[in-house]
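*Asks:* Sequence:
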Amino acid sequence: DHTRLLQYCFLDVLQEELNEHKQYWNTHVIRPVRQSKCPSGRPEAMYYLPHRLVRQVMLKEKND
Numbered sequence: 007d008h009t010r011l012l013q014y015c016f017l018d019v020l021q022e023e024l025n026e027h028k029q030y031w032n033t034h035v036i037r038p039v040r041q042s043k044c045p046s047g048r049p050e051a052m053y054y055l056p057h058r059l060v061r062q063v064m065l066k067e068k069n070d
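Each residue of the sequence shown is one higher than the last, beginning at 7 in our numbering.
Possibly wrong hints are sitting among the right ones.
[Unchecked claim] Taking lysine to any residue pairs in the SDA-like style, the calculated list, with each CA pair at most 25 Å apart, reads: (1) K28 <-> P38; (2) K43 <-> E26; (3) K28 <-> Q13; (4) K28 <-> Q41; (5) K28 <-> D7; (6) K43 <-> P56; (7) K28 <-> P49; (8) K28 <-> C15; (9) K28 <-> R48.
[To be verified] Pair by pair, the computed Cβ-Cβ distance ranges are: (10) S46 <-> L24: 47 to 53 Å; (11) I36 <-> C15: 21 to 27 Å; (12) T9 <-> Y53: 39 to 45 Å; (13) L20 <-> Y54: 41 to 47 Å; (14) P45 <-> Y14: 23 to 29 Å.
If you are wondering where the hints come from, they were derived from the structure by calculation, not from laboratory data.
Where is the CB? At the ideal position from N, CA and C, for every residue including glycine.
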């Protein structure tokens, strides 16, 4: 089965590429938009520090 052979040969290369993309995605900045209620910041921080995100959304709603 050629599929299994390709997986065996290129799994490490593919995993390295996926890890690089994950690192890039998690550290890029989502910029704030005035008309949007969507949160802004870095995805990784938004995931691991949700209490900061809740505070940001509450402050935004208070100011609107």
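*Asks:* None of the hints should be skipped; say for each whether it holds.
*Replies:* So, going through the hints one by one against the coordinates:
In summary, the hint linking K28 to P38 is supported, as the alpha carbons are separated by about 21 Å, within the 25 Å threshold. For the proposed pair K43 and E26, the alpha carbon gap of about 30 Å is over 25 Å, so the pair is violated. A distance of roughly 20 Å separates the Cα atoms of K28 and Q13; the hinted pair therefore holds under the 25 Å criterion. Between K28 and Q41, the direct Cα distance comes to roughly 28 Å. Violation of the 25 Å bound is thereby established for this hinted pair.
With a C-alpha separation of about 30 Å, the suggested pair K28 and D7 falls outside the 25 Å cut-off, and the hint is violated. Restraint check: the Cα-Cα separation between K43 and P56 comes to about 16 Å, which is no more than 25 Å; the hinted pair holds. Distance restraint check for K28 and P49: the Cα-Cα separation of roughly 10 Å lies within the 25 Å cut-off, and the hinted pair is therefore satisfied. Among the hinted pairs, K28 with C15 is consistent with the structure: their alpha-carbon atoms are about 22 Å apart, no more than 25 Å.
This hinted pair checks out: K28 and R48 have alpha carbons roughly 12 Å apart, not beyond 25 Å. At roughly 25 Å, the beta-carbon separation of S46 and L24 lies outside the given 47 to 53 Å, and the hint is violated. Between I36 and C15 the beta carbons are some 36 Å apart, a value that contradicts the proposed interval 21 to 27 Å. About 33 Å separates the C-beta atoms of T9 and Y53, a value inconsistent with the hinted range of 39 to 45 Å.
Taking the beta carbon of each, L20 and Y54 are about 26 Å apart, not inside 41 to 47 Å as hinted. Our hint of 23 to 29 Å for P45 and Y14 is violated, since their Cβ atoms are close to 41 Å apart.
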